[in-house]
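*Asks:* Protein chains in written order, with my numbering: chain P, 1 to 250; chain Y, 1 to 250; chain R, 1 to 356; chain H, 1 to 356; chain W, 1 to 178; chain X, 1 to 178; chain D, 1 to 68; chain U, 1 to 68.
Some clues are possibly wrong.
As the list claims (entries may be wrong) - The list that follows gives simulated cross-link-like pairs (lysine to aspartate or glutamate, EDC-like), each with its CA atoms no further than 20 Å apart:
id	chain 1	residue 1	chain 2	residue 2
1	X	Lys81	R	Glu272
2	R	Lys325	R	Glu246
3	Y	Lys3	U	Asp47
4	X	Lys81	H	Glu342
5	X	Lys88	H	Asp215
6	H	Lys267	H	Glu246
7	R	Lys45	P	Asp150
8	X	Lys84	H	Glu342
9	Y	Lys6	U	Glu67
10	H	Lys200	P	Glu42
11	X	Lys88	H	Glu343
12	W	Lys87	R	Asp346
13	Y	Lys6	U	Asp31
14	Y	Lys9	U	Asp7
15	R	Lys298	R	Glu342
16	P	Lys9	D	Glu65
17	W	Lys84	R	Glu342
18	R	Lys200	Y	Glu42
19	H	Lys267	H	Glu290
20	H	Lys325	R	Glu327
21	R	Lys267	W	Asp57
No lab work stands behind these hints: they were computed from the structure.
Every value quoted in this text rests on a predicted model; they were computed, and no experiment measured them.
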Amino acid sequence: MEKVFKITKGLTGVPMHYCPGCTHGIVHRLVAEVLEEMDVIESAIGVSSVGCTYNNYDYFACDMLQAAHGRAPAVATGVKRVHPGSLVFTYQGDGDLAAIGTAEIVHAAARGERITTIFVNNAIYGMTSGQMAPTTLIGQVTTTTPFGRDAAIHGYPIRMSEMLSTLDGAAFIQRVSMHDVRNVREAKKAITKAFRLQSEGAGFTMVEILSTCPTNWGIDPVGSLEWIKEMMIPQYPLGVYKDVTAGGDK
Amino acid sequence: MEKVFKITKGLTGVPMHYCPGCTHGIVHRLVAEVLEEMDVIESAIGVSSVGCTYNNYDYFACDMLQAAHGRAPAVATGVKRVHPGSLVFTYQGDGDLAAIGTAEIVHAAARGERITTIFVNNAIYGMTSGQMAPTTLIGQVTTTTPFGRDAAIHGYPIRMSEMLSTLDGAAFIQRVSMHDVRNVREAKKAITKAFRLQSEGAGFTMVEILSTCPTNWGIDPVGSLEWIKEMMIPQYPLGVYKDVTAGGDK
Amino acid sequence: MSNRVLMKGNEAIAEAAVKAGCRHYFGYPITPQTEIAHYLAKRMKDVDGVFLQAESEVAAINMVYGAAGAGARVLTSSSSPGISLKQEGFSYIAGAEIPSVVVNVMRCGPGLGGILPAQGDYFQCVKGGGHGDYKNLVLAASGVQELFSLTMEAFDLADKYRILVVILADGTIGQMMEPVIIPEDTDMKIFDKPWAASGKKGGNVHHTIKSIYIDPVVLEGLNNRLQSKYREIEANEVRVETSALEDAEIVITAFGTCARIAKNVIKEAAREGIKVGLIRPITLWPFPVEIISETARKDSVKAFLDIELNAGQMVEDVRLAVNGKKEVLFHGRTGGMIPSQEEILDIVRRIAGGGF
Amino acid sequence: MSNRVLMKGNEAIAEAAVKAGCRHYFGYPITPQTEIAHYLAKRMKDVDGVFLQAESEVAAINMVYGAAGAGARVLTSSSSPGISLKQEGFSYIAGAEIPSVVVNVMRCGPGLGGILPAQGDYFQCVKGGGHGDYKNLVLAASGVQELFSLTMEAFDLADKYRILVVILADGTIGQMMEPVIIPEDTDMKIFDKPWAASGKKGGNVHHTIKSIYIDPVVLEGLNNRLQSKYREIEANEVRVETSALEDAEIVITAFGTCARIAKNVIKEAAREGIKVGLIRPITLWPFPVEIISETARKDSVKAFLDIELNAGQMVEDVRLAVNGKKEVLFHGRTGGMIPSQEEILDIVRRIAGGGF
Amino acid sequence: MSEFSIIISGFGGQGVLSAGRMAALAAMLEGREVSWLPSYGPEMRGGTANCSVVISDEPIGSPLLSSCDVLIALNRPSLEKFEKTVKKGGTVILDSSLVEIRPSREDIRTIAVPASDTASENGNMAFAGVMLLGCLSGNLNCYNRDNFRKALEEILPAKKHDLIPLEMEIFDKGYHYV
Amino acid sequence: MSEFSIIISGFGGQGVLSAGRMAALAAMLEGREVSWLPSYGPEMRGGTANCSVVISDEPIGSPLLSSCDVLIALNRPSLEKFEKTVKKGGTVILDSSLVEIRPSREDIRTIAVPASDTASENGNMAFAGVMLLGCLSGNLNCYNRDNFRKALEEILPAKKHDLIPLEMEIFDKGYHYV
Amino acid sequence: MARVTFDEERCKGCGLCVPVCPKQIVVIRTDKLNSKGLHPACVERQDLCIGCAFCAIMCPDQVIEVER
Amino acid sequence: MARVTFDEERCKGCGLCVPVCPKQIVVIRTDKLNSKGLHPACVERQDLCIGCAFCAIMCPDQVIEVER
Ligand SMILES: Cc1ncc(C[n+]2csc(CCOP(=O)(O)OP(=O)(O)O)c2C)c(N)n1
Ligand SMILES: Cc1ncc(C[n+]2csc(CCOP(=O)(O)OP(=O)(O)O)c2C)c(N)n1
Ligand code: SF4
Ligand code: SF4
Ligand code: SF4
Ligand code: SF4
Ligand code: SF4
Ligand code: SF4
Ligand SMILES: [Mg+2]
Ligand SMILES: [Mg+2]
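The whole structure should be built from the sequences, with the hints applied where relevant.
*Replies:* In structure tokens:
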């Protein structure tokens with residue numbers, strides 16, 4: 001018998017601290033598997049951000065820097081300009097990337113910075129106990145929208161993939177989801193493509209990943225997958241939003 | 001005889017400090033004329049930003065706040081939430097709005113904040129002596145791109161109107177230009193519409209205005225108008241990018 | 001005593017702000033002060049107020065600039081890294097003299113550090129983390145009831161002096177619960193704000209809120225005016241709690257949580273016959289210079305012992321006030337560690353015995 | 001003398017960085033230091049370096065964090081409001097112990113203020129404008145040649161101690177031109193950076209650059225380590241220029257531009273028979289405590305006079321060092337105003353006459 | 001009783017923080033001075049949690065405890081971690097349904113209450129804490145039954161008020177446990 | 001000459017800052033210590049500009065001047081503003097083509113040079129400053145002709161080097177002007 | 001023939017692996033607690049396993065390895 | 001009949017008003033300096049002015065008023 005599924009060397013093996021059923025863990029594995037498959041664990045440099053994944057520098061086997069909240073793209077830019085030959089990626093949540101870090105991600109994309117952003121959108125601030133994120137859905141109850149997000153007061157959810165796709169520096173942007181096996185596989189393909197395009201110097205690449213937060217959504221892990229499908233995907237349609245290697249943009 | 005063109009009461013009359021031929025001056029007059037025509041000089045509140053227009057609080061006749069570099073939309077948000085009945089506008093340059101202030105403008109738009117942003121795009125940092133702006137054209141020589149802006153190093157120009165139009169909170173976004181009489185008139189119509197939609201509570205409104213910087217472009221004032229037409233408009237096409245009152249978006 | 005309620009420090013801040021007539025909150029989440037936002041997200045609805053989660057701390061402080069510059073009572077809150085991001089805003093608010101109230105529930109640093117209690121932002125908030133010459137009025141409570149009253153007062157002080165008031169608490173003060181008596185009717189002063197940019201409202205005064213002055217003579221004029229305002233505050237607004245100073249041989253200086261621990265130490269030490277007193281600055285700025293320098297002049301006093309949750313920050317102000325008259329010793333813990341009563345008692349014993 | 005070139009202070013900083021092997025610059029424009037960027041935008045091309053204009057000061061300092069954390073020598077530069085925005089970054093860099101060099105060519109504040117020279121960011125850069133306990137190594141030149149050498153040294157100091165070094169200059173120092181001798185060959189040390197996150201390069205050490213430690217014991221450990229590093233720097237790296245201290249009755253303390261003016265004053269005063277000396281801290285931190293406290297102990301010294309382009313900041317460190325032994329007087333100008341030689345001389349005369 | 005300090009400790013999900021809050025509230029309603037201080041931190045999630053409660057007839061000095069009069073331990077790691085902080089002559093109240101070991105010290109009193117078992121027998125495992133708080137009250141008199149009931153009423157949302165009689169029943173079981 | 005201070009002042013576009021820089025550079029090439037300090041500010045644009053130059057045989061104290069040995073005034077407001085800063089016995093060199101008034105003080109020497117007129121007669125209005133610098137050199141000996149030429153060569157971009165002979169001609173006119 | 005192995009100590013009992021198993025052989029052992037105090041998942045009838053690895057793909061905690 | 005008035009003291013001589021005049025009657029007076037030291041614009045043949053206000057619309061400095 002042969003191992004058809006084994007734990008990737010792209011991870012250190014340190015047990016992760018995420019809540020039971022939080023799909024951040026799946027995303028980590030996918031990224032790590034792609035690092036292993038591309039044989040870049042030894043040269044890649046990752047940037048952790050501030051969110052529940054603040055300490056994933058302990059989980060990824062490559063060299064890692066922990067960036068200030070929202071600033072991972074700037075940190076990654078610094079890293080990449082020093083090591084243009086290394087694969088450089090950021091791992092960021094929706095609060096990190098779409099709120100405080102808006103300017104940094106927009107400008108990394110506009111510069112066509114040759115980095116890849118793994119953007120985990122769980123429609124909430126997980127780490128700080130469930131406040132509204134820029135991607136929180138209209139009507140969603142959070143600790144800072146106790147009566148549900150009301151567009152008239154708190155504004156509308158931001159679709160980052162769509163927004164960043166308007167920038168010329170963005171080479172590849174795809175939105176994927178963790179809600180079932182097929183989509184998890186699709187996500188891995190997207191990450192592979194993003195990393196590959198990065199190595200080819202195509203420009204800025206990003207994979208937006210719809211992910212669960214059972215704890216702060218107050219939904220059990222399996223139900224949370226359903227919530228992605230039923231509630232999130234209508235607001236955040238999956239697909240490729242930018243692909244310089246394709247004929248045109250979606 | 002009747003005055004067919006007189007100096008608007010929307011301006012204080014204080015002589016402006018802009019360089020000869022700088023079209024910032026025209027933009028000021030247009031905004032002030034609309035304030036006068038809408039009879040809101042007494043109630044409107046404007047927010048100056050940091051750029052050559054840092055002190056236009058002395059030029060506009062309404063109450064004004066001077067905001068930190070890039071933060072005018074946040075300041076205006078604070079003002080508007082206190083005085084929801086007042087017309088509130090920001091006046092920002094391309095460095096201010098599209099570089100350091102990226103997060104603030106994106107989120108004011110995403111929130112559908114009921115303010116109007118007058119965004120003066122002159123493809124350069126005027127105030128600080130001609131550095132590259134996010135909107136600087138590829139190949140354009142500036143004090144920080146002495147060999148011309150090179151996309152591979154400095155990235156691509158950002159089209160803010162297009163980018164912000166992807167946000168649901170944006171009610172009206174139009175790009176206009178100062179390069180001739182017809183376009184100046186069109187600009188005034190756009191400002192009028194934006195202010196009107198704001199008073200109707202439609203959401204965030206913005207008018208992007210292509211404007212000259214003869215001093216830092218190193219082109220005489222009349223030649224600068226030509227440069228807008230020949231060089232800037234191909235990169236920044238004029239038109240309405242978002243209009244919730246229209247059938248669809250452009 | 002029946003109207004006492006058991007409240008977290010963070011909740012007390014939030015409720016006190018509402019009682020003080022604050023109807024606008026702008027903030028960005030960060031531990032350990034998120035309860036302020038959670039509380040106000042609900043509470044502002046009752047009072048027709050505005051709770052707005054900003055996109056960042058930078059945006060939040062600039063929303064404060066706008067809303068308070070337009071005449072409202074406004075609150076924002078954050079914790080250490082978030083307060084660092086607000087430093088440009090602090091300086092602008094000082095320059096434009098906009099009354100504002102900012103809460104900093106300190107966590108441990110530097111950098112991302114940790115979320116446990118610390119007092120490492122004394123320099124930042126008291127000396128000036130932003131650029132240029134300015135002062136914040138800094139209030140430090142050591143219990144929840146006091147936090148409640150100081151928060152209410154903060155709004156009056158801010159309006160009175162057109163200054164930024166920082167409520168500086170460590171994580172312990174923000175997270176702990178104690179009984180609070182909430183005043184039914186408040187006698188909050190109503191401040192006229194003729195300077196505010198609130199729309200000329202039919203009048204013809206053109207209001208501008210700004211901190212830029214191109215002419216150096218004029219800008220120096222602003223600075224001189226600010227400095228004399230600061231001297232006035234120093235003269236009028238010092239608040240300090242002292243205890244057992246009369247015959248103290250050792251005087252502990254401490255604020256917030258450390259002062260609470262010190263009180264236990266004083267009792268214990270007294271039992272052992274060591275006379276320890278306490279000076280607890282409530283206003284960190286204006287700093288209680290006078291009482292400290294007076295105390296330093298007393299023959300009964302052997303030494304000062306400054307205790308902080310940091311590597312030594314307020315101790316500089318204590319030394320400046322003592323001005324060489326007595327020795328000023330320091331004991332600090334960092335990283336979220338808190339000195340135990342025994343630990344301090346031990347130091348006190350050694351000082352009393354001459355062996356520190 | 002033939003290889004002397006006439007250079008602006010800002011240009012000298014830029015060229016010195018290149019000479020020191022710095023090949024990465026990240027910055028955001030702001031007066032009065034834009035010439036650093038203009039110079040490097042050209043110069044980096046010659047040396048295959050990277051000049052990148054960041055989208056903001058916040059982005060710039062975080063690019064520094066990344067690039068220096070990945071092992072490179074990196075420079076950023078800004079002026080007062082921009083430095084305020086970098087304070088979170090300063091604290092992160094301190095926590096992660098990333099060697100970095102940051103230039104602050106100060107302008108006048110607070111707020112947007114003005115662009116003329118000032119020294120109002122002393123507290124921010126020396127005491128800690130960011131959160132938590134940390135120190136920057138702060139170098140203050142008072143001439144262009146010195147600025148050149150200190151900038152070069154800054155990179156060595158940063159690498160040696162894994163610390164953020166601030167080159168703190170006022171607008172005058174940045175804008176003025178003086179002859180500079182540019183060393184042909186430099187004996188810059190090459191520092192091994194085994195800690196850097198530069199890709200494991202086939203090795204199997206997993207490098208992480210971070211400032212977060214959840215366990216308070218561990219975080220206190222980091223803090224203790226940082227503090228002992230700071231004590232080491234205090235012991236080894238103090239730089240100070242003194243002049244005419246031997247028999248001085250009045251000792252002026254001043255840095256940067258003010259120290260230049262003071263030198264003229266000393267000459268003039270000597271002509272009038274008033275003995276004035278100067279202590280000019282070159283490292284603002286570590287502060288030259290020893291020489292000041294020694295001088296304070298001298299009987300010949302009557303008083304100290306601290307001169308700054310602010311409302312009184314370094315004077316606190318002078319007072320801490322003097323520790324009550326002599327009076328420390330202060331004279332400051334703000335808003336872009338610079339005290340004239342006559343103005344200071346007048347004060348000196350009054351002190352000498354006992355009437356200040 | 002002039003000053004009285006309690007540490008309550010257990011797993012994250014066991015309601016340790018709100019148990020402490022209830023005790024503090026009950027004592028406050030009795031007219032006493034109280035303070036409650038939680039452990040907090042990201043490691044809280046899933047890990048252990050504890051809180052410190054001080055009840056006093058005078059203004060309270062430090063809410064931080066380096067030693068306590070009573071330790072209420074809801075799991076084994078809590079007992080192991082905090083046993084040494086109990087003052088000489090102090091008390092350990094432990095949930096014997098979950099904690100199989102006993103304190104090794106001789107100078108303290110131990111009350112082993114089968115709280116979780118009793119609570120689940122009475123229909124709700126979550127009320128184990130209430131039984132221990134009853135035991136605390138019965139044995140150490142820091143708040144009375146009435147005030148505990150008032151505290152429950154204040155803390156519980158209206159829709160859970162129908163559970164109060166059951167909780168008081170369990171409280172009484174603890175109260176009379178020795 | 002041990003220390004020698006010059007203020008050069010005029011309108012923004014008149015090349016006042018680079019004139020000062022040329023003087024400083026020429027003196028430096030002569031082996032002297034020099035400092036040059038510009039006025040700067042946003043009001044510069046279109047407004048007036050000035051710079052301070054100190055030339056010395058010893059290390060220079062302050063580069064900031066509250067008084068000067070020589071004032072070179074290229075417009076009337078400059079003369080009016082800085083006249084009082086000239087030291088007793090000092091010198092004012094002014095462009096008499098542009099400045100119609102004369103200093104009111106008796107204790108200073110005035111050299112009125114028709115610089116702009118001479119320069120435009122010789123084909124380039126922009127060289128007025130060079131004539132005044134020539135006058136400075138001829139009358140006050142702070143740098144010699146050769147070093148001034150070298151300074152020009154260093155400052156001017158290669159493509160403008162063909163103008164140097166013309167500039168030196170104008171320099172000489174200033175040099176011999178009294 | 002296929003084999004699936006669960007590292008029970010790493011398991012958090014989230015149940016994501018349960019519904020995706022085409023053979024419905026993955027269950028949460030409510031009768032057992034691992035040292036984290038959580039109920040681990042396990043496979044009930046190893047023999048039915050087809051080695052599709054769906055369970056492993058959905059597991060966020062690197063609990064599962066699959067051989068075939 | 002129309003009249004156009006230039007406030008010469010405010011004028012910066014930028015020339016933006018010159019090419020837009022359909023009657024080509026606006027000129028920069030290179031022979032004259034205002035107190036800012038700049039050459040102001042003026043209209044040469046008032047009588048030809050049609051009051052279209054194009055000049056005023058393009059003027060950045062509120063120099064021009066037009067009557068008709
Ligand atoms: C400057 C700063 N502001 C705020 C915080 C507090 N904070 C930590 S994580 C976080 C949000 C996390 O949300 P997200 O990025 O969506 O990540 P998630 O936890 O949901 O994965 C915030 C606001 C901080 N650490 N630093
Ligand atoms: C925090 C901060 N950073 C930088 C500056 C310096 N600064 C002033 S204006 C400006 C850019 C202005 O460019 P833009 O917004 O395009 O306006 P323009 O002058 O072109 O109209 C900059 C970088 C500042 N004042 N504050
Ligand atoms: S809080 Fe939410 S996002 Fe964070 S680890 Fe738990 S489930 Fe995942
Ligand atoms: S510098 Fe440019 S943008 Fe600024 S006033 Fe002058 S021409 Fe206008
Ligand atoms: S490998 Fe497939 S069949 Fe086997 S247990 Fe896992 S999901 Fe079920
Ligand atoms: S998905 Fe993984 S962690 Fe979750 S129950 Fe299954 S094996 Fe355990
Ligand atoms: S109003 Fe029209 S016709 Fe008259 S001067 Fe102006 S542009 Fe020419
Ligand atoms: S456009 Fe206005 S400022 Fe320019 S030349 Fe004409 S009148 Fe003068
Ligand atoms: Mg999230
Ligand atoms: Mg611009």
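*Asks:* Determine for every hint whether it applies to the structure shown.
*Replies:* Do the hints match the structure? See the list:
1. X:Lys81 with R:Glu272: Not satisfied, since the Cα-Cα distance of roughly 75 Å exceeds 20 Å.
2. R:Lys325 with R:Glu246: 18 Å, holds
3. Y:Lys3 with U:Asp47: Holds, at about 17 Å.
4. X:Lys81 with H:Glu342: With a Cα-Cα distance of about 19 Å, the restraint between Lys81 of chain X and Glu342 of chain H holds, given a limit of 20 Å.
5. X:Lys88 with H:Asp215: 71 Å, violated
6. H:Lys267 with H:Glu246: Given pair Lys267 of chain H, Glu246 of chain H holds - Cα atoms ~15 Å apart, limit 20 Å.
7. R:Lys45 with P:Asp150: Distance ~13 Å between Lys45 of chain R and Asp150 of chain P Cα, so the pair holds.
8. X:Lys84 with H:Glu342: 15 Å, holds
9. Y:Lys6 with U:Glu67: 8 Å, holds
10. H:Lys200 with P:Glu42: 5 Å, holds
11. X:Lys88 with H:Glu343: 19 Å, holds
12. W:Lys87 with R:Asp346: 18 Å, holds
13. Y:Lys6 with U:Asp31: Violated, at about 27 Å.
14. Y:Lys9 with U:Asp7: 17 Å, holds
15. R:Lys298 with R:Glu342: Between Lys298 of chain R and Glu342 of chain R the Cα gap is close to 27 Å, so the pair fails against 20 Å, i.e. violated.
16. P:Lys9 with D:Glu65: It holds: about 13 Å lies between the C-alpha atoms, which stays within 20 Å.
17. W:Lys84 with R:Glu342: 15 Å, holds
18. R:Lys200 with Y:Glu42: Holds, at roughly 5 Å.
19. H:Lys267 with H:Glu290: Since the Cα atoms of Lys267 of chain H and Glu290 of chain H sit roughly 25 Å apart, the hinted pair is violated (cutoff 20 Å).
20. H:Lys325 with R:Glu327: Roughly 14 Å between the alpha carbons, so the hint for Lys325 of chain H and Glu327 of chain R holds.
21. R:Lys267 with W:Asp57: 16 Å, holds
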